[in-house]
Amino acid sequence: MAVNRMFRTCPSTGLLFHEPAEKLMKAHAVAAVVSLLVGGILALGVTLTRWQAVHLLSPDWFYLFLTAHGVDMLVLWIIFFEIAILYFASSTLLRCRLATPGLAWVGFWLMILGAIMNNYAIFSGTSSVMFTSYAPMGAHPAFYLGLILFAVGALIGCFVFLGTLVVAKAERTYNGSIPLVTFGAVTACIIAVFTIASGAIILIPTFLWSVGLVEHIDSLMYRTVWWGFGHSSQQINVAAHVSVWYAIAAIVFGAKPMSEKVSRGAFLLYILFLQLASAHHLLADPGLTSNWKIFNTSYAMYLAVLASMVHGLTVPGAIEVAQREKGYNRGLFEWLRKAPWGNPVFAGMFISLIGFGFLGGISGVMMGTEQLNLIIHNTIYVPGHFHATVVVGTTLAFMSLTYFLIPVLFRRKMLFPKLAQWQPYLFGLGMSAFALFMMGAGTLGVPRRHWDISFAGNAMPYEFPGAAWLMMALTALAGLAAVVGGAIYLLITVGSVFFAPRVDVPDFKHVRAAEGIAPAPAPVAAAIAAHHPNVGMAGFVAPGTLVLAMVFLISFILYYFVNWKYLSTVWPLS
Amino acid sequence: MTTETRVDPMNDLPPEEPVPVMQQLLDNPFLLLFLGVALPTVLYVIWGVMEIVNIPVAK
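Chains as they are written, first to last, in this note's numbering: chain A, 999 to 1572; chain B, 31 to 89.
Honestly, I wouldn't trust all of these hints.
[Stated by the list, open to error] Some but not every residue of chain B turned toward chain A, in silico, with C-beta under 7 Å:
#	residue
1	LEU56
2	LEU61
3	LEU62
4	ALA68
5	VAL75
6	ILE76
7	TRP77
8	MET80
[Claimed, not checked] Across the chosen pairs, the derived CB separations fall in these ranges:
#	chain 1	residue 1	chain 2	residue 2	range
9	B	ASN58	A	GLU1461	56 to 62 Å
10	A	ASP1502	B	PRO48	48 to 54 Å
11	A	SER1257	B	PRO48	38 to 44 Å
12	B	LEU55	A	GLU1461	55 to 61 Å
13	B	ASN58	A	LEU1468	53 to 59 Å
14	B	ASP57	A	HIS1214	29 to 35 Å
15	B	LEU61	A	GLU1461	55 to 61 Å
No wet-lab data here; the hints were simulated from the structure.
We treat Cβ as the ideally placed atom computed from N, Cα and C, and that holds for glycine.
Using the sequences plus the hints, can you model the full thing?
Below you can see the structure in the form of structure tokens.
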């Protein structure tokens, strides 16, 4: 069988796109955006129902919307986009052909089939079991089968990515180690393989149970193994969006990592320990020992937290060094003040970084502490946390990357550029406030996944304090701002991809692989040595980042100990 | 006095240095894949499942 070795070189960036890989990236990106559109509409319904003053949907519709919103956002949007990133990070960044494009298309169509099947089961009204689908709460067999097919498709994508690494090495398209962004994609891919394996272990028997071939699914067994899938799927996001941060720092500023060794070491900590944090969902469950809980959350999870703190330091640090080298070297923060805040690629990435660290990271460590977890377990604090990580962290980073990809990958001019400048602020800050108010309401005890916190009409109504109601109203208002921000993103991306004029590329031509492969990139050591020694203050090359890191550390410590104090008031001892 | 780097016309590649063990690990995606799947499978899934299996059944 003939191998397609046709490439094109992007005239503005010099990136080399293998034709079949390019088509696959586009297909996955479009499928991701369609999932985001559906999930976003559903988000509006959920938000307006949890706002007690509006209370839009009936209970049946609320749980249907919540289930579809969870699946479409946490699985479909994210993983479609991540497979596109895997192909970009392998074929494009390593300047090589994609391995087995035919198999990659099989994977794509399996994902599409699974997505449609799962959504059909939900929208038919027979599977309002929410994203977690805890047994013995049963869904339609198509719900589980859809997820399984989607996972198999994603797994094929992961192995196509790994195969492409083999191709690149065999065809010597790079020297030394793979680039850091590709290494981050390797991390995401490895976590994805564990995630999908865990999903298969529990979803296949659950599917067989739903069709009557298995008699019983143990609920604790289900929860334990399912969270290996449910939470780890969100850890794929962390590795992927951190890679996107590094990529955007390089794209916008030409920034090089402060230390390749340290950054790669941090990714290694993700590979080894990040998945173990799944255990924090089971901290309040009886049956599992404290040994298992503490090892998997505190002891091992903190190594992954350390890795996130390393990335949180090195990405802005690399940007600071690059800015200082360009002459923005005065004071602590000139480099930050003179950053291109009107460029949505940078603005979105930086809000993603700050929001993920301050809101998602700190709250995640608090939740992962066995004792503190009791304060907020199963409250709306938990969705507050993961909206900070998955939406502010991952979704906003992916949105930022899209603004770069519209002209580069889709070769279209971006429509509404002024609106695009505002979009990251509206979406990022709206979603940050949304997460913050949710966490506030959760701290006051407001439950998650609940249609009506007043329990109106029930035998034992419960009266939450007025502050909790206010927090829920503020959550909804911030959520509406974020939904508008999301709608603007969809308007710009869909409009640009389908209706904008093509980017004029006078030198565009297809290049055979043998001619098109550019010289291999400089080895890592050369990149590190390229840093200018005369930037920074007081012996620090990135003093502003150091100050930001200290602010983060103090916030982290204060919030952590405030919660211990709070715990002591929840359960007074006499 | 200047030092001159002599280049062997038959082989202009620099002499190969031994690759550190850590870099060998980081450069091997399949070894990383093994570690990244095996470690959480043992510490999270298998350990967790064994604890659940060992819960005494109520009489």
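How the hints compare with the structure:
1. LEU56: holds (5 Å)
2. LEU61: violated (10 Å)
3. LEU62: This interface hint holds because 6 Å falls under the 7 Å limit.
4. ALA68: At about 9 Å, which exceeds the 7 Å cut-off, the nearest Cβ of chain A leaves the hint on B/ALA68 violated.
5. VAL75: Holds: closest Cβ of chain A sits about 6 Å from B/VAL75, inside 7 Å.
6. ILE76: violated (10 Å)
7. TRP77: Since the shortest Cβ distance to chain A is 6 Å, the answer is holds.
8. MET80: Hint violated; B/MET80 Cβ to chain A Cβ min 9 Å, cut 7 Å.
9. B/ASN58 to A/GLU1461: 56 to 62 Å: Given a distance of about 59 Å, which is inside 56 to 62 Å, the answer is holds.
10. A/ASP1502 to B/PRO48: 48 to 54 Å: Since A/ASP1502 and B/PRO48 have Cβ atoms about 50 Å apart, the given range 48 to 54 Å holds.
11. A/SER1257 to B/PRO48: 38 to 44 Å: Roughly 21 Å apart at Cβ, these two residues miss the hinted range, so it is violated.
12. B/LEU55 to A/GLU1461: 55 to 61 Å: The hint (55 to 61 Å, Cβ to Cβ) holds, given that B/LEU55 and A/GLU1461 are roughly 57 Å apart.
13. B/ASN58 to A/LEU1468: 53 to 59 Å: Given a distance of about 54 Å, which is inside 53 to 59 Å, the answer is holds.
14. B/ASP57 to A/HIS1214: 29 to 35 Å: violated (46 Å)
15. B/LEU61 to A/GLU1461: 55 to 61 Å: holds (58 Å)
Consistency with the previously given hints fails for numbers 2, 4, 6, 8, 11 and 14, ordered from lowest to highest.
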